[in-house]
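Asks: As a plain string of letters, each chain reads:
2 protein chains.
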Amino acid sequence: MSSNARGTLFVISGPSGSGKGTILKEILARRSDLFVSVSATTREPRPGEQEGVSYFFVTRERFLEMIEGGEVLEHASYCGNYYGTPRAEVQKRLDSGVDVILEIEVQGAMQIKKSMPEAVLIFVTPPTPEVLRARLTGRGTESPQVIEKRIETARREYSFIDLYDYVVINDELEKAADDMLAVLRAGALRAGAAGRAVKESFGMN
Amino acid sequence: MSSNARGTLFVISGPSGSGKGTILKEILARRSDLFVSVSATTREPRPGEQEGVSYFFVTRERFLEMIEGGEVLEHASYCGNYYGTPRAEVQKRLDSGVDVILEIEVQGAMQIKKSMPEAVLIFVTPPTPEVLRARLTGRGTESPQVIEKRIETARREYSFIDLYDYVVINDELEKAADDMLAVLRAGALRAGAAGRAVKESFGMN
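Here the protein sequences line up with chains A and B, keeping their order. Taking my numbering, the leading residue of the first sequence gets 452, the next gets one more, and so forth. Taking my numbering, the leading residue of the second sequence gets 452, the next gets one more, and so forth.
Chain A on its own, in the form it takes in the complex (with noise of 0.2 Å):
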């Protein structure tokens, strides 16, 4: 018997400037058996960004396919584009006892909760007001409009924070590395699901 037969799903969300990102990437140099969800997006390619690693960009004729025939976990519109994250991938990691991150904002993690209530969700937070508002103005070359908007989004995004499972500070990248690398490999201990295979296989019910 086993507690993690099954990997455990993950979802990572925070606000924009959270730093949640460069979190991610420290612990992927660590932790290089887990597998981060690339999402599909209908919006343009930027510079630099490559197919199939950054995102796998798709039309929107394509996406809204992939939304009706149950081909994505969760979806969200942001600024008239829509993201979502592929099923068939995620399915076969975790089947195969993988554990999966998906970085994704607010409005898709709620899905996720919803449709696999086993899925541990964490929420990435710069460490005071202060610095969030400081982050998401920028160097004050974005227009107040940008600026504005992600404030709203952020806004939006805080009124989540308590249906989270966890909630990661990140003050120093290092302690906030840390943290999350604690969060990943409790996580996969937790009870409920776990649990009851456990009562089953001691057969002590």
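Treat the hints as calculated values from the structure; they're not laboratory data. Misleading hints may appear alongside valid ones.
No copy is singled out in the list; a pair is fine if it fits within one copy or between any two copies.
Capping the alpha-carbon separation at 30 Å, the derived lysine-lysine pairs in DSBU-like fashion look like this [to be verified]: (1) Lys476 with Lys600; (2) Lys543 with Lys600; (3) Lys565 with Lys476; (4) Lys650 with Lys476; (5) Lys564 with Lys476; (6) Lys476 with Lys626.
Just so it is clear, the structure is predicted and the values come from calculations on it, not from any experiment.
Chain B: place on chain A using the hints.
Replies: Using the frame of chain A, we list chain B on its own:
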């Protein structure tokens, strides 16, 4: 703002022979900041047991007074003796930001879960039912009655396992101790109360 202005309460349970005591000793060697609560009991001290280290040894009258006066966080009876966790010291440590560990059995753990839902419950189990049975039956020196009693107790304990938050499988000590350390670190990052605090402090309701 800090996620752990208050300490986190961890409850560790598991059947006789699960090795939870050995794991705990291993952990304390690496996390000297943790506080392990000392239980009060009405049973007689055994040779080598020290007052205030192994247990606080009290009379039956005093124990009943402690229950009446709300001086214990939880209590249970086993083989005609009472066991309980003195409340004051635990509260003091939690209030000062220290993480506290209670090594108690299922009856008490369920009382804690009810009265302090923010507590993190961890169940330690041997890797297989065969190993559990071997450990419960011991080296053949115990009476059938003692063995029967242990199996009955283990059966009751496993029936509560899915009410725990985490299951640590004690296959190799080193791995189990690392798992437990991850759970202790992640446990302090659980959202819920912490999430609500972040939500308020970020003024994004």
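Asks: When no copy is named, should Lys476 and Lys626 be tagged within, between, both, or neither for a Cα gap of at most 30 Å?
Replies: both (14 Å within a copy, 25 Å between copies)
Asks: Taking 30 Å as the upper bound on the Cα-Cα distance, should Lys565 and Lys476 be classified as within, between, both, or neither?
Replies: Only inside one copy: Lys565 and Lys476 sit 27 Å apart there, 39 Å across copies, limit 30 Å.
Asks: Within a copy, between copies, both or neither: which one fits Lys650 and Lys476 at a CA-CA cutoff of 30 Å?
Replies: Between copies only: 26 Å across chains, 37 Å inside a chain, cut-off 30 Å.
Asks: My question is about Lys564 and Lys476: at a cut-off of 30 Å on alpha-carbon distance, are they close within one copy, between copies, both, or neither?
Replies: Classified as within; 24 Å inside a copy, 37 Å across copies.
Asks: Should Lys476 paired with Lys600 be assigned to within, between, both, or neither, using CA atoms and 30 Å as the limit?
Replies: within (26 Å within a copy, 52 Å between copies)
Asks: Using 30 Å as the alpha carbon limit, work out where Lys543 and Lys600 are close: within a copy, between copies, both or neither.
Replies: neither (36 Å within a copy, 45 Å between copies)
In the structure shown, a violation is registered for the earlier hint numbered 2 alone.
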